[in-house]
Amino acid sequence: MFQIEFDQPDYVVGIDLGTTNSLVAWMNLGKPEVILGEDGDKLVPSVVSYTESGEYIVGNAARKELINHPDRTIYSVKRLMGKGVADVQEELKLFPFRIAEGSGTVISVRLGEKTLTPPEVSALILKQLKRNAEAELGRSITKAVITVPAYFNDAQRQATRDAGRIAGLEVLRLVNEPTAAALAYGLDKRKEGIIAVYDFGGGTFDISILKLHDGIFEVLATNGDTHLGGDDIDNLLLRIALEDIHSEWGEDLSHSGEAVQTLRRGVIAAKEALSFAPTATISFEWNSKQYHRELTRELFESLIKGIIDRTLGPCRDCMRDAAVTPEQIDEVVMVGGSTRIPLVRSAVEVLFRARPHTELNPDEVVALGAAVQAGILSGTVENQLLLDVTPLSLGIEVYGGVVSKIIHRNSTIPASASETFTTAVDGQTNVLIHVVQGEREMAKDCRSLARFDLKDIAPMPAGMPKVEVRFLIDANGILNVTARDARTGKEQSIEVKPSYGLTDEQVEAMIEASIENAEADLIAAQVAQARVEADSILAATDKARRKPAWNDLSNAERIAIDAAVRDLQSAWHSNDHHLINAKIEALNEATRALAENIMNAGINAALQGTKIT
Amino acid sequence: MTYYEFFELPPNLSIDLKDLEKRFYTLSRKWHPDMFARKSEAEKQQSLDATALLNDGYRVLKDPIQRSLYLLKLEGFDIGEQGTKDVPPELLEEVFELNMAIEELKDGDESVRPQLEAAEKKFEGMRSDIDRELETRFAAWDSSRDRNVLNEIRRLLNRRKYITNLINQTHVPDRI
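As you go down the protein sequences, you meet chains A and B in turn. For what it's worth, my numbering labels the leading residue of the first sequence as 1430, then goes sequentially. For what it's worth, my numbering labels the leading residue of the second sequence as -3, then goes sequentially.
Chain A extracted, bound-state conformation (with noise of 0.2 Å):
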């Protein structure tokens, strides 16, 4: 007998959002699989172009304007999530990010005439990786795994999940992304165990060491650099081309926008060239000019090894975090484009002595395991479990701007610690907790997280009011706190300002921004499909005046049709479909009469043998 299944479980999509590319990925009949795009690719570049004629393109088709209108279009947004202002004074030296005056701890960019947020730009991302899901699986698709670099702070992962709600994805769970790859590749095949996940892509690295026992991934220890990359070596070879070509052509093409994308696509073409051939070469044309220079993998293996040997500094910490050697270390997983390079694979082994799983596409290994972990959430993958931990101290400002550390590093997470806190002074009627993330003792050198400002305190002698605040971690690294009145187990009012990064308002309102606009959107595609209507119909008749059949209507039927053309001409420049809709169906009225007489000339034609035309 069968058994048809109505209420199927709503697909989960894993979503690797990624600094240079984004995928998407499910589970299908138990394998993660990695969905195609509407051009048949599996990477959509994480590039964003507003068009001038108003609309967002993402991807492929995207990338190709960061060359004819660099100003409109954006790329490595990545790098900006959870940023200020005053954080990114490094990276806009080398990207062509126009920030919007008047950004603070939340930045803007600008794409045109448009103003942006960085989730903004990634919910564009998302909003496209959802399209290719709904295409390909032809159901609606509403929730996602989001996966975050392990190094990411809270603001990061924050920004992150409100870029997922801006795109109308409820984010189930965020993962790291190094932790993600060993789901993918399947390594609870092995009951007990220690993995590196060594994961160097276009902007983080991040290194994880994670203890494996019957199908439970449990990490020991993570870090990483968020300012460490692919992008770091295309902007090393790209600032030595620059300075060939200056001395060369005697011009300084470094302020072009264009010039600069058309040379940065040689050099990574290069980059990429020389990780399978002893040499390659950097072409670039411009202005009828041309400059070639051969490279060979000697000289980019010296050039970059400064940037390799910066990612193996963590790893040593990471090890002696998780209180590991590197003979304790089973299997290496590596994940990334950048770990294509064989400097980069070749240090990697020297490292850790073992040598590195490469068998799954470093590009879409995170996107796969994201969608195990979708699966396990949906509960279609079962005995897998992964237990991560958080990588950067949560600590609070205490007197003196030192920092008092209340959740270290490496916890598993959800964690929690509980802290009491009480008025200095007498009627006291608020506290404010400044909150921070990091290692360093001073406040000032940690990331600053939020403030909490526990209101409505009973006024009460200094000392007397015990307020109980808990911070928890939640399974996504994200910072939850709750304050409770000790003594009376009220719950204690708290409004949370965060440090950098959007308001709970400020995403709401995004939501609403993109839900309008994706009416907007509807209703321009609506306009354009009569108007697509209104022209085939209006040519038809135009040609039927040609036709015999057209002399053999009354006056009346010619002059009601020459009225219901005219009306559907100046209905057609009007922006509602509803009235050219209105207007095709009046004249499709009017021509009624017109249309069986060349129907019945066509049926007399045909009798007679004739050809009509």
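Hints were generated in silico from the structure; no laboratory data involved. It cannot be assumed that every hint is accurate.
Claimed, not checked - Using 30 Å as the maximum straight-line C-alpha spacing, the simulated DSS-like pairs for lysine-lysine come out as follows: (1) B:K40 <-> A:K1522; (2) B:K35 <-> A:K1572; (3) A:K1834 <-> B:K40; (4) A:K1620 <-> B:K58; (5) A:K1640 <-> B:K58; (6) B:K18 <-> A:K1618; (7) B:K58 <-> A:K1618; (8) A:K1620 <-> B:K14; (9) B:K35 <-> A:K1618; (10) B:K40 <-> A:K1919; (11) B:K40 <-> A:K1895; (12) B:K69 <-> A:K1919; (13) A:K1834 <-> A:K1543; (14) A:K1640 <-> B:K18; (15) A:K1460 <-> B:K26; (16) B:K102 <-> B:K118; (17) A:K1522 <-> A:K1572; (18) B:K118 <-> A:K1884; (19) A:K1834 <-> B:K58; (20) B:K117 <-> A:K1919; (21) B:K40 <-> A:K1572; (22) A:K1640 <-> B:K40; (23) B:K14 <-> A:K1640; (24) B:K102 <-> A:K1471; (25) A:K1640 <-> B:K102; (26) B:K117 <-> A:K1618; (27) B:K117 <-> A:K1556; (28) A:K1556 <-> B:K69; (29) B:K18 <-> A:K1620; (30) B:K26 <-> A:K1572; (31) A:K1834 <-> B:K35; (32) B:K40 <-> A:K1460; (33) A:K1884 <-> B:K40; (34) B:K58 <-> A:K1556; (35) A:K1620 <-> B:K102; (36) B:K69 <-> A:K1834.
Computed from a predicted structure; not experimentally measured.
Dock chain B against the given chain A, drawing on the hints supplied.
Relative to chain A, chain B alone:
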């Protein structure tokens, strides 16, 4: 609920770490938020609270020092900072000389380095002695539940903390 209760363990100071890990994995499978993604909001909250308690508890119970401080607190001992800043009398002279040596090294006098390295080694030896002593006391508490033993443990922990600070200080010159 105490961490011991959550792990269904008696409030002992000696713990079999393999057994603790097994319990941690079993309880993780039962309570982790991943297992509650399709449940009601109330159940999700319950899972979050239980997992936080589980993880916090595992962190404390697997480390003998944190574990014994936690048990002292459960038994009503004040485990504040007092006492830890007072130099144990028998170390007074040594600590004074050590501070002098650190100052001299900061001023570029490399000749004191061997003295600091020897001091570090000595303090590490003292810490190992304390750890062994603690282990004996742990077993004594587990079998007798005698509060005098807890008093002894508290004294040892204070001393251990002081010596750990000294070891950290002797490390400083490496970074200068």
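Hints breached by this structure: Hints 1, 13, 17, 18, 20, 24, 25, 26, 27, 28, 31, 34, 35 not satisfied by this model.
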